[in-house]
Each structure stands twice: as structure tokens, then as C-alpha cells.
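Chain residues, written in single-letter form:
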Amino acid sequence: MADPRFFRRAGPISLQKIAEIAGGALHHAKNPELQIADVSPLDRAGPDDISFLDNKRYSDQYRRSAAGACIVEPTFAAQAPADMALIVTPTPYLAFARVAQAFYPEAAARPGCHASAVVDASARIGEGSEIGAHVVVGAGAEIGAGCRIEPGVVVGEGVHIGDGTHIGANASLSHCDVGACCAIHPGVRIGTRGFGFAMDPGGHVDVPQLGTVVIEDFVEIGANSTIDRGAGPDTVIGYGTKIDNLVQIGHNVRTGKGCVLVGQSGVAGSTVLEDFVVVAAQAGVAGHLTLGRGAQIAAASGVMRDVAPGEKVAGAPAMPVREFFRLVALWQRQLRKKDVKK
Amino acid sequence: MADPRFFRRAGPISLQKIAEIAGGALHHAKNPELQIADVSPLDRAGPDDISFLDNKRYSDQYRRSAAGACIVEPTFAAQAPADMALIVTPTPYLAFARVAQAFYPEAAARPGCHASAVVDASARIGEGSEIGAHVVVGAGAEIGAGCRIEPGVVVGEGVHIGDGTHIGANASLSHCDVGACCAIHPGVRIGTRGFGFAMDPGGHVDVPQLGTVVIEDFVEIGANSTIDRGAGPDTVIGYGTKIDNLVQIGHNVRTGKGCVLVGQSGVAGSTVLEDFVVVAAQAGVAGHLTLGRGAQIAAASGVMRDVAPGEKVAGAPAMPVREFFRLVALWQRQLRKKDVKK
Amino acid sequence: MADPRFFRRAGPISLQKIAEIAGGALHHAKNPELQIADVSPLDRAGPDDISFLDNKRYSDQYRRSAAGACIVEPTFAAQAPADMALIVTPTPYLAFARVAQAFYPEAAARPGCHASAVVDASARIGEGSEIGAHVVVGAGAEIGAGCRIEPGVVVGEGVHIGDGTHIGANASLSHCDVGACCAIHPGVRIGTRGFGFAMDPGGHVDVPQLGTVVIEDFVEIGANSTIDRGAGPDTVIGYGTKIDNLVQIGHNVRTGKGCVLVGQSGVAGSTVLEDFVVVAAQAGVAGHLTLGRGAQIAAASGVMRDVAPGEKVAGAPAMPVREFFRLVALWQRQLRKKDVKK
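For the protein sequence lines, the chains are A, B and C, in the order given.
Oh and the first sequence: position 62 is 62 in the numbering used here, straight run, nothing missing.
Count along the second sequence from 1, add 1000, and you get the number used in the numbering used here.
Count along the third sequence from 1, add 2000, and you get the number used in the numbering used here.
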């Protein structure tokens, strides 16, 4: 089970109830009222635990598992151990996510403002929000209801934060509006000056960056990531977008709904990501481009052109992913041919 | 106009005065005393606004713009709409930067030291400086006049900061001297231990890093970037150098005047950048190299050798940029040839 | 000598004593009781200083150096200037590291808890630890003896920190156990939520991340690096591992003893690094892989497969390093051939 120093477990929860939460069908359940105590991986689960199988690499573990219940796809139902109850669904990982959230709900805000926090008299804090030690909230800022603002966070003047949003330790926000139910992790920087200046041998001259950052609802931003404010238009992070750690988002970038940006990737200024674009780890996207809906950018690639909706690209400069792997195969053949000649 | 929660606009400013600020020639102005209220992009500007044209991609917008005035190159002057006054200059973006700064000057320091700041009795703070909430200033540190030190900043023992410098929220500085008129953005780490140790299977042994970081005047350092102190010699960031977000500068690195390092790039220990070198996004430069004056390193490239003054390189390992693009074209031909064979 | 604002020098130390610290043999020493005052590079050292030669590039400097003593390999002993005492060892850099530490020991903790720190009543702080200004220590946290916790650090609920560990300014730790004698640099984020969610067009669903981070003894973590907690198993950073700045470690990653991860590198979830693996700057390692003992990953490479013990790889996708350099040579020949044809 999860370390009780850090995690509070709810439950137990009956199989019947878990099936409802999972949105799956209960099979092989001798007793639908059986109480399940915890979630656990297949190889460590016992009769009080529920586990899941999402990757056939682990099907051996599944067939030998002592888990009391397991969430699986229909095709694996027949291989279950004799005493295992099943929750059958075409999307077991998604179902498991919901079940695990039921056992381990997010820590709720502990309402109140720590005595060491410095909150400007003109700022407004919504009901039930927790303002941690040494937090600073600037003039005119508004924080919604039920927010958790961890210690050391700096909320700049005029910033708005929606209900139920969680800001991690030592993050700082300026020139921005953050939606509801967002998770902004420790050390994130939002609203910083875009990298805009006119180059001049006598000294580069800053162009005032007069836009803001708009973070829509249900966005997650990983630790120490940075999101610059717009130069004139705003920088926008769309509804439900997931950003990992150490990601850089330049000024005027707009992401659509449900985009995913993995660790250490970066998007340069004014580029548009339509809905559900995935940018994998350490990939870079140049400025002033459009990545179409559902485009997928492989890890470590460097994108220098628009990417069509649904297109998958890899390499630097990025090309269609099949072409990239054919190119890699070609290199390998060329190297072997050279061996033969020697 | 810019969001008044975050930006204070100066003005209005007469066309005549704007032309002086821009260093351009006023053309087609029926009334040089016309008062301009704001800067605005071409497609949103009205008769009270001034805009600029720097990229011919936007020349259609320019020909249709309702802007009262526009900053343009001489070649575009003839295409202006009938009622538009012009400020003509060979460098419209630079001119616009100066004009925009006149309308939106940097926020001035609000003199005083917040009651929650912890400033050592032996530290000195210059006249008119603003020391934010929860700032910590160590023994013997000296902060110049007219500085803005945002909340949560930690200024280590003995650190010196020049006049008019702005340090963003939750940044930390140690073992360094920072010049005048610098902008150090939120979360920046300056003066951290260089990555120096003697490898040993019994346990790597740290080599004390006994140098400092010297940041010259008018330097900008982007959010969450890191600059290690020297191992013995100092790490030096030259006058007017611009560093973007999440950039890593290793120990003993020296940059010249006016260098530009774009987001997520990195320079390894003891490498020298002469004046006006540009390192584009996500590029990496190995240690103990010299990049000559005006060298340009393309995005995502990996530099493993010296680069001559003015040379432009791309790729990993980096090669002359034309060679890199010829190589990419060669790959494309090889892939096509293989298609034919199939 | 090192800037006295930032560094406190111990000593002087006799040659005899230095030889003991270095673990080397004293040669050419007219007076073993000669007092040495400082460490210094060859080209700046005087008769009171000790220097070292580790790289034959600097052998000219060595032959002309005025250093009173020098740490060298046996093969260089004969070339020493007439008045130079020698400490002879097969590992001069390692020996120098130990000597330099004797002259410049790490600053000791100044016991006590700053009045502005917020330490929960249920937290425990070991003897002789220094808790800086505006530090926050959560409920149930335990900090060992002789630790230095710099200003602005946030230690989350239940976190344990071992004896003699140093945490840099504005770092934050949650869901973790940190060993003894570690150096966690400014802005580091430990224990943040892993990037785990089930993708769903209706809104990605977070998978609770129920593991912790375990940092073993003598680990160093560079400025602004991020280490996510495990999803179920823990993320583990092994004994004596050295991590540079802006490095990203995903959930469930395990490193062995003495690994080295250079600046801006990243390791994706569930990958295992056996002992003494080196991941060079800006390299990326995909998830669910194993890098065998002593494997070396070149800078900027992208690893998409397991790497055998002792194997050296480069390129993206990574291949054996010799193959990579043969490939680069092949490209160069192909480009030249094309020139000829023109």
C-alpha cells in the first residue's frame, strides 16, 4: 500500500461500487459486496486488492496474480486465475485511473490563510481555500474557492486563479488568468517576459511584452516548466492540456484541448497546436507553425514546418515517422555495405 | 490595448515626438501634433494607434490597416493606406521597440523594504530600491539603487547587484556580482556549484568550485535558467547578453557582448562565446570550445568543435549550415531512390 | 585565491600533511614542513601554492610554473621545474580534489532555526542543523543532524532528510526520503507528481502517483532539476549519483551507485540505470529500458533500446559510438562525392 506519511487511503469499496466507478462489467464475482481495500500491481496484490492488466507483457503476472479483482480487456477474461473477480472494459487503464482516484482522492484544501502569508488587502480569496506559509498574493489578485496554494508561491498583481486549482511550492505567476481545477506544480513560472527584442549591435532593445497567459480549466503544468506571456496577443494553454516538467512555451503559443507536452520539450513563439497534439520528450517546435489536430511529434525531433492533422513526425528536421525509420534502416545498410568492402 | 491589470500605459504621445523616439522620418502626416494613444498590431489598430510592418508576410494587413500611423521601411511607404501617417526607417522593428517602451515603460521600483523581508544588518540596500515580501538578503550583500527585488528572492552572502537591476520572484543568487540594469527572471539560479568532481568507483570526489559568476550590465536571464560559478576562473556573462528560459551555462563559460542564447540551449564548461554569438533553441555546445564573433548555432544542433567567426552551423554533430541542408536533401533523394527500386 | 566574500580558506598546510591527504608520494621536497597557503592553477601559482597537472595540454604551463608544489603523474615528474616539490600519484585530479577540499572545506551549518522559518510542531530537527529564513517544514517531517537548509526551502509533510545533507535555496521536497550527506541544489523539485494519466478525448484522467522518491546517501542534484515520485514503485537515486542542472527524472526510474547525469539530460519513466552509468548533456533515454553497468550515453543522443553493460552509444536513435562516428564520416564522403559530380 502507499506510504501513509504521504497518502490517505479511502475505502474499503465494494466490488459492485468499483465496477460502477470503473464503468466496467463485473464478471466471475462470487460476492459483489466483497470489500476491496486497496489498489496494487499484479505481482504484489493480495485477495483484498484490485489490480489491472493493460499491457500484454504482464499477462504472465496476471495469470499468476493473487489479486482479489482485476480490471481487464474482454480478450483476457478467459485467462483469469480461478478466484479472481474481473471488471471487464475495453479501456482498463482509464478504468483503473478512476478506481485509483476513488481509493486515493486528491488531498483537500485545509481552509485558511497561514499567518506568515502576505496577502494584499485588495486581493480576494475564495471560500475554503488554503493559503500556505510564506505565500505572497499581490494587489487585485483573485483566488477562487477551494484552492490549495502551497508554501512559497508568489501570485502577482491582478492574477486570477479559478476554483479548485492547486499551485505547488515556490511557483510564481504573473500576467495571467488560470482556470479552474488546474494543477500547477512546484517551481513553475507563468507569465514571464517573452524573449522579444530588436537586435542591435549597440545593445539589443526589448520589445515590451504586452500580452498575458490564459490557462484554461483542467490544465496540468509540470515542475519548473516556464510559460511566457504573449507579446501582444495572449499565450493560451487549452482545456485539459497536460504539460510535463521542464517544458518551455514561448510567447503567443496557443494549444488546443487535451494536448500533451512531455518533459523538456519546447514550443517557440506564435506556434499553434490544435486539439490533442502530442509533443514527446525533448522535442522542439520552431515558431510560427501550426501542428494540426492530433499530430504526434516523436521524442527528440525538431519540427521546422507545419504538421498536418493526425500526421506523425520524427527526426531533426522532422519528417513523417515512417520515412524517419526507413532513413535509419538505410543508414544501417550503408554502414554494413562499407564493412563488406573492407 | 494591454490589460490594465498588468500594464500601465503612458501617453498620449504626438506623432512628432514618436518619430524622434523611433529615430525615423515622419511622412504623410497631416498633423505632426496628432496624439497617438497606444501601440497595436496592424489588424487591430485604429486611428489613435501606431503599428509597424517588419515582415512582408503582413503587407496585406498593412495595406488594409486602420492604424493612424505605422513604422515602415522606405520600400513600403508607397503602399500605405490614404489616411495613415508613416514613420520611415530602415529598422522598423527596432524603432517600434523604442516606441512601445515609451508607451509602456518598465514598472518603476516602489521604494522600501517589505516588513517580512529578512535583510542582514551588514547588507546594504541602495536608494529607491524595492525589496519584496519574504526576500532574504545575506550578510555583506550589496544591492544598488533603484533595484526591484521581487518576493521570495534569496540574495546570498557577499553578492553585489548593480543599480536598476530587476530580480524576479523566487530567484536565488550566490557567489556572484550582477551588473546594472539587468533583468533576472523568476526562478533563475546563479552561482550554483559547477559540476566538477573526480570520478572514483569508491565515490566521486567533489572538486571545490572556487570561482564566481560575473554578470555584466544590461544582461537578461530567462526564467528557471541556471548559471554555475567558475571552478577557479569566473563564469562571465557579457554586456547586453540575452538568455532565454531553461538555459544551462556551465562553470568557467565566458560570453562576449550581445550574445543570444535561446530557450533550453546549453553551454558546457570553459567554452568561450565571442561577441554577438547566437545559440538557438535546444542547441548544445560541448566544453572547452571557442565560438567566434557572430557565429550562429542553429536550433537543436550539437557543437563538438570550434566555430569560426561568422560561421553558421547546424546538425548534430554540427557542420556548416549549407552542408547540413545538402545532407538532408541527400537523405530525401536516397529515400526516393529506394522507393523506385521497390 | 578564491574571493573571501564567498569562500573561507583553511590552512596553511604542510607539504607532508598534503601528501597524506592526497594519498601521494612526496618527491623533490627540500622541506616537508614547508607551509602551503593555497591551491592555484599552474599559470597563476606562486611559491606558497600547490597546483596539479592532469591534462598534458597544460604540460608547458607545468614546466614554467612557479608553484611551490604540484600534484602529478609519475611520467611527468622528471619535467618539473627545479624548485618545485612534487606529490606523485597515478590519479592527480582525484588527489587535487581532496587537497582542495582541505583548503576550502564546505561551509559548516550554523546551528539554529531562523525566527521566520515555519516548522510544524510535529517535525523533528536534528542537532546542529541550520534552518534558514522563510524555510517551511511540514508536519511529521524529520531533518537529521548537521543539515543546512537554505532560505526559502519547502520540506513537505512526512519527508525525511538524513544527517549532513545540504538543501539549496528555494528547493522543494515532498513524498521522499533523502539520505545523508547529499547536496540538493537551489530550485530542485523532488517528489512531484509523475506524468501518469489515461488519455481520453473527454479529458485525460490522472492516475494517482502513489510511490515516493528515495535518494540514497552522498547524492548531488543540480539546480532546477526535477525528480518525480513513483507511480506505485518508488523512484530511486542510488548512492553517490551525481545529477547536474535541469535534468528530468521520470517516475519509477532507478539509478544504481555512482551514476552521472549531465545537464539537461532526461530519463523517462521506469528505466533502470545500473551502477556507474554516464548520461551526457542533453541526452534522452526512453522509458522502460535498462542501461547496463558502466554504459555511457553520449551528449545529445536519444536512447530507444537497452544498452549493454559497458557499451558506449551516440546519436538519435542511439547506436554504438563507433558506428555513429563511421556514419558521420560516411555522410561527409557522400557530400564530397556529390561536389565532384557537379
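No wet-lab data here; the hints were simulated from the structure.
Quantities reported herein were computed from a predicted structural model and do not represent experimental measurements.
It cannot be assumed that every hint is accurate.
Computed list of lysine-lysine pairs in DSBU-like fashion (alpha-carbon distance at most 30 Å, straight line) [unchecked claim]:
(1) A:Lys-337 / A:Lys-257
(2) A:Lys-337 / B:Lys-1030
(3) C:Lys-2017 / C:Lys-2056
(4) A:Lys-17 / A:Lys-30
(5) B:Lys-1337 / C:Lys-2017
(6) A:Lys-312 / B:Lys-1337
(7) C:Lys-2017 / B:Lys-1312
(8) A:Lys-30 / A:Lys-56
(9) C:Lys-2337 / A:Lys-337
(10) B:Lys-1056 / B:Lys-1030
(11) B:Lys-1312 / B:Lys-1257
(12) C:Lys-2030 / C:Lys-2017
(13) B:Lys-1017 / B:Lys-1030
(14) A:Lys-337 / C:Lys-2257
(15) A:Lys-56 / A:Lys-312
(16) B:Lys-1017 / B:Lys-1056
(17) B:Lys-1056 / B:Lys-1337
(18) A:Lys-56 / A:Lys-17
Quick rundown of the hints versus the structure:
1. A:Lys-337 / A:Lys-257: Status violated; Cα separation ~48 Å.
2. A:Lys-337 / B:Lys-1030: 74 Å, violated
3. C:Lys-2017 / C:Lys-2056: Holds. Lys-2017 of chain C to Lys-2056 of chain C sits at ~27 Å (cutoff 30 Å).
4. A:Lys-17 / A:Lys-30: 15 Å, holds
5. B:Lys-1337 / C:Lys-2017: Violated, at roughly 71 Å.
6. A:Lys-312 / B:Lys-1337: 22 Å, holds
7. C:Lys-2017 / B:Lys-1312: It is violated: about 52 Å lies between the C-alpha atoms, which goes past 30 Å.
8. A:Lys-30 / A:Lys-56: 26 Å, holds
9. C:Lys-2337 / A:Lys-337: 17 Å, holds
10. B:Lys-1056 / B:Lys-1030: 26 Å, holds
11. B:Lys-1312 / B:Lys-1257: Answer holds: Lys-1312 of chain B to Lys-1257 of chain B is near 18 Å, not above 30 Å.
12. C:Lys-2030 / C:Lys-2017: 15 Å, holds
13. B:Lys-1017 / B:Lys-1030: 15 Å, holds
14. A:Lys-337 / C:Lys-2257: Distance ~40 Å between Lys-337 of chain A and Lys-2257 of chain C Cα, so the pair is violated.
15. A:Lys-56 / A:Lys-312: Since the Cα atoms of Lys-56 of chain A and Lys-312 of chain A sit roughly 25 Å apart, the hinted pair holds (cutoff 30 Å).
16. B:Lys-1017 / B:Lys-1056: The hint holds at about 26 Å.
17. B:Lys-1056 / B:Lys-1337: Given pair Lys-1056 of chain B, Lys-1337 of chain B is violated - Cα atoms ~38 Å apart, limit 30 Å.
18. A:Lys-56 / A:Lys-17: This hinted pair holds, its Cα atoms lying about 27 Å apart.
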